[in-house]
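**Q** What follows is each chain in one-letter form.
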Amino acid sequence: MFKKIMTMLVVLAVLLLAACCPPAATEEPTGEPAQPTKPATEEPAALSGEVVEATPGQALDMVFLPKNLGNAVFDEAHEGALEAALELENPQELQYLAPASRAAGTEQIPIITNATTQGVDAIMISNNAGDQIAPAAQAARDAGIAVVTWDSPIPSAEGEQVFIAQVDFDETGEVMADMALNILGEDGGKFAVLSASPDAANQNAWIAAMEEVLEEDKYANLELLDIVYGNDQSEESYQQALALVDKYPDMELIMAPTTVGIAAASKAMQNEGLCEEVKVSGLGLPSEMASFVKNGCAPEFALWSFEDLGYLTYYVSYLLATGDLQGVESEQFAAGRMGTYTIEKDPTRDEGLRVLMGPFTKYNAGNIDAAVNP
Amino acid sequence: MRRLGWLKSWEGLLLVILIVIIVFNASSTPHYLQVQNQINLFQLHIEKIIVALIMTFIIINAEIDLSVASVMGLAGCVMAYLFERGLPFGVCLLAGLLTGVLAGAVNGFMVSYVGLTSLIVTLAGSIGYRGLAHVLLENRSIGNFPEWFDRLGQQPLIGPFPLALIVFFVLLIIALIILQRSAAGRYVFVIGNSSDVARYSGVNVRRVKMILFIVSGSVAAFAGLLLAARLGSMRGDTALGAELEVITMVVLGGVSIFGGTGSMFGVLLSILIILNLRNGMGLLNITGEIQTGVIGILLILSVLGPNIGRWVTEAWNRHRRVQHMHDREKGG
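So the sequences go chain by chain: V and R. Per the working numbering, residue 51 is the first one in the first sequence, and the count goes up by one each step. Per the working numbering, residue 1012 is the first one in the second sequence, and the count goes up by one each step.
FYI, nobody ran anything at the bench for these hints, they're computed from the structure. Hints are supplied without guarantee of correctness; some may be wrong.
Not the full set, but computed from the structure, chain R residues with beta-carbon under 7 Å of chain V [what the hints assert, rightly or not]:
#1 Asn-1051
#2 Leu-1055
#3 Arg-1246
#4 Leu-1251
#5 Asn-1296
#6 Glu-1300
The model shown is predicted, which means the values in this text are computed figures rather than measured ones. For glycine and all other residues, C-beta sits at the position ideal for the given N, C-alpha and C.
Chain R with its partners taken away, still in its complex shape (with noise of 0.2 Å):
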């Protein structure tokens, strides 16, 4: 029984969840458990589940970025741009990851040695990055890069696995191991709760917060590549409001919005939560608002949820020690 206890955690209530939706999903329609959709049902939102690890990182560290879906969108156009200008195809994704360093960098510094608010910091970033990118492409769309980026993006790589599916899984494999198994994982857990007590303990708190903003900027720009390559021509609106999303998965997940408390398992189980409820809504023709609405829903309840898990239990022990009185009086 100990053992089962996790499930009553807020990731054991997610896995019901989420078992819910798989056999709803399952049994209402045909379509859900072919492989294509299974595989579909990833691609369609690959990029933002790729940014939402490392995402998980900055929230449990009490911080949070809310420029990853401009600076993927910008390293895309960054990356479009020079190559409408003729630049080798490999100079030009080099350029588009290096736009992602740089813009984690400036993130970084201003929150780590600046010292300023990473929600204004990041709000800021997402504005401009955003308007640099509508500067860098005006109007337009570019596309018609190599076949092989296409091919990339569109098409299986191994089996029915196309490559972003891949790098999914193995980032999610890393982020599980630093998170959860690491020192760096327990310093980034350490200074989410009190980064005055992280600094006493002789952790180097600018330090970490630098590193996650670059590799969060890095990641970011990497799933914007992705992104271009799935979507095979880039505009400057590419991705817009994706950060949004990103959040919703890592919360939903059960990571305080303050910070220090998390794990990685919760986030997986949510991204498969919302992209299970995303695949089956659509396969259903719900689309639109309802969607949108639904999964608005879901987060509410997913903030809720453990305050008023909190209260029934709280309510069920006084009813117990009330009952017990009861008991006792009529015993007696």
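The following block holds chain V by itself, in its conformation from the complex (with noise of 0.2 Å):
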């Protein structure tokens, strides 16, 4: 007993002593591609109102860091970064990293502070764990990465440089409401809201939105019956449209402002044979939704481009990483075919930059083969 003890304070100061001395070599730049020069003492193109353009052909290393894996939405904004990469022949690899499905939202942290360790030059956030990023994004910038969140952003802004926004938040509200209303008709009705989790920063900002809007007179005849949570899994979503239906007889409208919740709950009422009586709508992918919108289970929805999504973002941090752009208020650039962007404070929280995307497309029987097909 005695000499294992002696071997393991041997193995922990073996250990210990390789944690404070490492090899030197370990400390020198490490053979990977040189990074950039960074124009950084040009004076920001901000005042002067020119549009920065990329310069294409820099090597950089760029991480993709959606919530999770095995969510659609996010394969598609992977889609849009990988044409964005090589339309500015990055000759480095995308790296798309993500923690495990169901995982907490801190396991995108390890994610972060590796990406630190390696030096990558720009990490691209779709923020899932609120605040508790922010020190490792924080501790990113510190190491001179460029920080930018798409999709969620980290609510205090703090370690991020400029934050994606897909749609105004407050756009989402009406959006909604107006679906609500069109498939309602004239005379309105009551409907009920299944979002993802209780936690959610995006869907929980959409629903106050939408609950605002809803107080103005041209609504006054839709009626909100109840909010539930389906925690973005297609089973629960799946079980709690069906307790809606059973616990409100004469509601008429489910909306779902989560991909995997207005999917779930359309399959839900097509199944049970229920699409007469509750009609769905919400946010939802025209690939999942094609179907439902043939059959009139869910006869409109709404949502922004993903791929559209992931090929600005790439752009924003490959302009940062560069140096091109400084990350600064009302800095203008080109994003590829989608045209120029301007960076903006962000209205929707007290700190942070961003640049706004836009707008909505909603998805009917008319334009919904042409989305799927293009």
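Combine both chains into one complex, guided by the hints.
**A** Here it is in structure tokens:
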């Protein structure tokens, strides 16, 4: 027993020594492609009103970090980012890293920390850990890494240079209320919300925006019965949708501001033969919703293009990492096929900057085929 | 040769696995041996490995504490909740710690004095304490703790070492001495082997179990506060699911899930294996399901390993016996 303890202490001592005094070589640059020269001394283009253009061909290590694996929208965003990478002729492969599909939000932290250790040039985060991500993101910023959030920002904006906002959060509320009115008709009716998780910042903001819009006279005939959560799991969302039907016999519409929720609710209504009585709407993916639009279960839904979101995010991150963009208010830049954008103060948070992508596309029987098979 | 005999034991196998992982990591990525990476490797999971130390005692004692992750979350949430209400920060920290003591005492009382199974008691506890954390913080996140607190959680304290890492090594040495060199440690093993034998030998089984659960709750609460400092803010779901990773570390370390056997040395090796494996995979950009899957396979092997080892030894002995008889026949 004593020997074991001694051995253990020796192992410990060796490990501590290894931690304290690494071979000198590891401290030196690691023979990876040289960092692009950052023209940091040039004056920011912000004030001159000049539109910053990207210089293709820079070798930049970039990490694309969605909330988790196994969600189709993040794969689409990845496609968009890859398209931009090809266009910008970045010889370095884009790293698509994500926690497991049911992992806690804080599982994004080791990925950011390891990327910082690797000395990558840019990290693009769809934040799933609220402000708890901030210390890791700040450490990346301190190491000179460009940190951009997309889809879901860091609430305090600490450690984040700019947030690529898909749409104006207030607009989301109005779009949902309009679709509800459109489906239920002028006489209105009763509806319920099937959301993701109670902690999901985006969904909560959109629902709050919708509740505000519902106060207006135009929507006086719409009555919001309840808000339930399917935690962005298909089965759970399916069960919650059916539970809503049981609980509110006079409910005519389920509004799901999440792609997982809307597909699960549509499937539930279809399988139970309830599509005549209860319609489904919200935010959905055209590829997943096409059949439900055609059979009338979900006559209309909306979404922005996640592919465009990934594309725009990559452009901004590339420009920040090369130093062409400084990441300050009112800078203008060109993002390839998507045109010119401006960095602005984010009105939805106390601090922080954003690039607003927009707009919404509403999908219905008229345009769903074109969206699925372009 | 006899001195190295223990290398053939479970710990020996773990040590070999650890060395293989370290050599592989060091040769596959130049970032692995950097000081900051070696610190990060511990720091990213530091709260869980601290809790694994006390979990080792609990499992050797033939009990289990599934509520540790919820106690971590609840302690942090109580602290954050009181802080938001403007109480002095010292009071908030103390209240967080007391939450853990209390939760541990409730678990311990139910197990030792009411006589319920710890699996059920702490499963209920994990649901209850987590629920309470959600009630306190609802959907919000509370942060902006005093700067010194965040600094303590995120910056080095002595040399390159942050506070939590120093705490871990101090607790490790204390745990090692208590478990393997003290009378209290022997009681833990004896009770784990058979609580009836322990009782008839005059060991106060109830008191030992009660103390273990209180310490477990307290250590978990302390770890929860360290986590709050590292993350800079608290949410109701913080540390969700951490108990499974903690138990994985202990079981992989060779501690029998039925109690009675195990060593701190094995648990330390298992902790180092899991941390180095995670870090190496992270630096090689292996994340998500694959990373989780590899850890899962490791755990399955750790359960199968001793059995496979026994089969192989038995098969080998049988083979040798047959060979021996064969040779004798030939010779005769």
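**Q** Hint compliance check: list the failing hint numbers for this structure, sorted ascending.
**A** none
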